[in-house]
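Chains A and B, in that order, are what the protein sequence lines are.
If you're matching positions, the first sequence starts at 923 in the working numbering and goes up one per residue.
If you're matching positions, the second sequence starts at 237 in the working numbering and goes up one per residue.
The hints are simulated quantities; they were obtained by calculation from the structure and are not laboratory data.
A hint or two may mislead.
[As the list claims (entries may be wrong)] Mimicking EDC-like on lysine to aspartate or glutamate, the simulated pairs with C-alpha atoms at most 20 Å apart in a straight line are:
hint	chain 1	residue 1	chain 2	residue 2
1	A	Lys1021	B	Glu295
2	A	Lys964	B	Asp301
3	A	Lys1021	B	Glu288
4	B	Lys277	A	Asp1017
5	B	Lys256	B	Asp301
6	A	Lys980	A	Asp1006
7	A	Lys1021	A	Glu967
8	A	Lys991	A	Asp1017
9	A	Lys964	B	Asp344
10	A	Lys980	A	Asp939
11	B	Lys291	B	Glu258
12	B	Lys300	B	Glu288
13	A	Lys981	A	Glu961
14	A	Lys1021	B	Asp344
15	A	Lys1021	B	Glu323
16	B	Lys277	A	Glu961
17	A	Lys964	B	Glu288
18	B	Lys302	B	Glu258
19	B	Lys250	B	Asp344
[As the list claims (entries may be wrong)] Which chain A residues face chain B? A few, computed with CB under 8 Å, are given here:
hint	residue
20	His956
21	Thr962
22	Pro966
23	Ala968
24	Val971
25	Gly976
26	Lys980
27	Gly1020
28	Lys1021
29	Leu1022
30	Phe1024
31	Gly1025
32	Gly1027
Yeah, the Cβ is synthetic: ideal placement off N, Cα and C, and Gly gets one too.
For reference, the chains in residue letters:
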Amino acid sequence: ILNVEQSPQSLHVQEGDSTNFTCSFPSSNFYALHWYRWETAKSPEALFVMTLNGDEKKKGRISATLNTKEGYSYLYIKGSQPEDSATYLCAFSGDSWGKLQFGAGTQVVVTP
Amino acid sequence: GAVVSQHPSWVICKSGTSVKIECRSLDFQATTMFWYRQFPKQSLMLMATSNEGSKATYEQGVEKDKFLINHASLTLSTLTVTSAHPEDSSFYICSAPRTGGGPQHFGDGTRLSIL
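Could you build all of it, start to finish, from the sequences and the hints given here?
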């Protein structure tokens, strides 16, 4: 994989349900994998920065896992709420820490 | 609150105009800032790395004479789109990392429309 790919492109979730989605990235020259949450008309908000294979991070009802050997990360949302509606971006740092290569995002819509 | 401020948030101007976008780090010093561009239905694409006190480094395919970057202080980077044309219409957003690693902090972005 040369690019950062996210799937699905969008998903609709019923309030209270849990969901997850994927980010695939190049498995060579790995520095870090970043997850951002981006609401319309706001700036992207950093959720996690993950650096170690097998890393698991959690922030409230949102958690993420990382597999650097196979080049993928999962983001999980437990008990989705309408305020979780946003586009979730992952970004890969390969050449250097600062330069990010973004996926196209997964748009999550949580309906009451 | 916001830690990176970006202005303006929206610009509409005529073809041939030059447009300056500012990116400020509000409560930290940023020796490096990054400029991204996003076309509809596409991902954020890195355009250039802005380096305080030295020349910016541009990604392949980004014209440095078209997109002038100045990083004259530790809290301010500017992107000037020179002689803008309709194909330059896009969403431009900056980011800045705090020193020592960690996540990058983004501005709110600038939507540029060239008529």
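Enumerate the violated hints, using their earlier numbering and listing them in ascending order. Those not satisfied are hints 2, 4, 15, 17, 19, 21, 25 and 26.
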